[in-house]
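Peer 1: Sequence:
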Amino acid sequence: MRVLGINALFHDPAAALVVDGHTVAAAEEERFSRRKHGKRPVPFSAWELPELSARWCLEHAGIRPEELDAVTYSFDPTLARPAHEMGLNDPFDPLRLDYARRAPEFLAEALPGLDPDRVVFVPHHVAHAASAGPASPHPDSAVLVLDGRGEAASHLAGRYRDGKLDILATQALPDSLGLVYEELTEHLGFLRSSDEYKVMALASYGKPRFLPQLRQYVHPTGDGGFRAHGVGWAALAPARAKSEPWTQEHADLAASTQAVLEELLLELVHWLHREAGGEALALAGGVALNCVANSKIAAQGPYRHVWVQPAAGDAGTALGGALHVVAQQESPLPMSGADLGRGWSDEELRAWLEQAAVPYEEPDDIAETVAEELARDGVVAWFQGRSEYGPRALGHRSLLAHPGRAENLERLNHVKGREEFRPVAPMVLADRAHELFTGPLPSPYMLFVHDVARQWRDRIPAVVHVDGTARIQTVDERQEPLVARMLRGFERRTGLPVVVNTSLNTAGRPMVDDPRDALECFGSAPVDLLAIGPYAVRRGRAFA
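Sequential numbering of the sequence shown, starting at 1, is according to the UniProt record's numbering.
Keep in mind the hints are simulated off the structure, nothing from the lab.
Heads up, some of the hints might be wrong.
What the hints assert, rightly or not - Mimicking DSS-like on lysine-lysine, the simulated pairs with C-alpha atoms at most 30 Å apart in a straight line are:
| # | residue 1 | residue 2 |
| --- | --- | --- |
| 1 | K207 | K296 |
| 2 | K198 | K242 |
| 3 | K296 | K164 |
| 4 | K36 | K164 |
What the hints assert, rightly or not - Label pairs and their computed distance ranges (CB to CB):
| # | residue 1 | residue 2 | range |
| --- | --- | --- | --- |
| 5 | T247 | D117 | 52 to 62 Å |
| 6 | T438 | N89 | 41 to 51 Å |
| 7 | Y217 | R376 | 49 to 59 Å |
| 8 | Q213 | D90 | 19 to 29 Å |
| 9 | E59 | D117 | 16 to 26 Å |
| 10 | E279 | E419 | 33 to 43 Å |
Yeah, the Cβ is synthetic: ideal placement off N, Cα and C, and Gly gets one too.
Generate the whole structure from the sequences, applying the supplied hints.
Peer 2: Shown next as structure tokens:
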């Protein structure tokens, strides 16, 4: 069975292809179009489809549009209600719904040969759920979805058994944890539906002193649902203009909202466990990208296993929609990893370098070359294998640095043009992680935070956040032998089993995806070495 999944309506357009139950390709449109998040989440953009990523998925698998058994669209307009009836202020929402209804004809035009009758509408939160439960290592699991909005709800709680989803609770709009967090993001001067992760980072600098006031607006209802609506942000702290510095009030408001979010999530998780039982919980939806809250669920919740879809935001619904349709006929296989995007052979990469007339070398082992450069305190752009599906750089499109120098945090934020309060992450071998970090292990997708052991905090200061935590990525040597070899080479030289890993991009731009992106990023940012496949490009030689 061949099913192409499409996410297009709100934000983070993406495509994913499932063939005979196996996820063979998944990619976000932003990586092709070079527009951050693909587009802005406004009704006027709802017609835009992930044409480039969809075509690539099909080309990668050698499948023509007419050979597809189904194309899924992760929104069902028949379930939607007028925005004003749901308490939402969105006068142009009818335009969005009109575009959703016409998705089959738009898709048939974008993918010539596709029969529009093969387009299947999958409810938005069902698509989120299917990206988590069936894709996880625990197919029979509870599933919790929370985001801004779907057709008429903002939440789904359920249980997968034998590949089938039993929905136990949903929360009708306008109550929405995702929308509350989006409102705060905008109030604090960041870009709504884009910069929520910045609020999470800022929260570590504050105290939750507004928590009692926020509980009046954000709290559980005891039946698997909640209230999350109508917060008067200005009464708590003044709005911040984008150009203004943040204040302690802003940090305290971020910390308070983070705290009330965590409280509510724990209540929902305990309710779900009472209703559904089981040992495993799978999370999806944009709220599931809040790695601080995920760690609270893992530490204080009732589940033995907590798994988070690496593309937990709307991009993941492309995969979830496809998996949902596949599961009606066969059992889909769990995700083997997040490296589901584009990749190039060594010969193709060499051709790119020669076309760009860039001097390069081919060392005996690129992993050892990079380890040596990092040990000398160089910053390395690491471009290896297939690109990642989701917002995290996981050792395929990464910026690497020495974790033992505290100034490297400021240095990397300068390289990327980011805010000074944002942390960078450590990459560590899975078999060594327990020596340095306490928290959910393994953590291959960088979706939890971990306490850094006190004896290590002064040794790897660049990756330790202000609250003594780190958002780690564990590396399995069997799945990522090249990354593992680089980590071991770095430890031999420095005694440190950790390397700084942050995404290979600069502020406001999507993560690097193809070789041209890598060369442009290397050329515009103060990076010392580009490791692209087996080849090394050194700044001093490239720009002599």
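Peer 1: Hints first: check each against the structure and report whether it holds.
Peer 2: Hint check results:
1. K207 with K296: Within the cut-off at roughly 17 Å; holds.
2. K198 with K242: 13 Å, holds
3. K296 with K164: 28 Å, holds
4. K36 with K164: 34 Å, violated
5. T247 with D117: 52 to 62 Å: 56 Å, holds
6. T438 with N89: 41 to 51 Å: Taking Cβ atoms as reference, T438 and N89 lie about 44 Å apart, which means the hint holds.
7. Y217 with R376: 49 to 59 Å: 52 Å, holds
8. Q213 with D90: 19 to 29 Å: 27 Å, holds
9. E59 with D117: 16 to 26 Å: 23 Å, holds
10. E279 with E419: 33 to 43 Å: 39 Å, holds
When the structure is compared with the earlier hints, a violation turns up for hint 4 alone.
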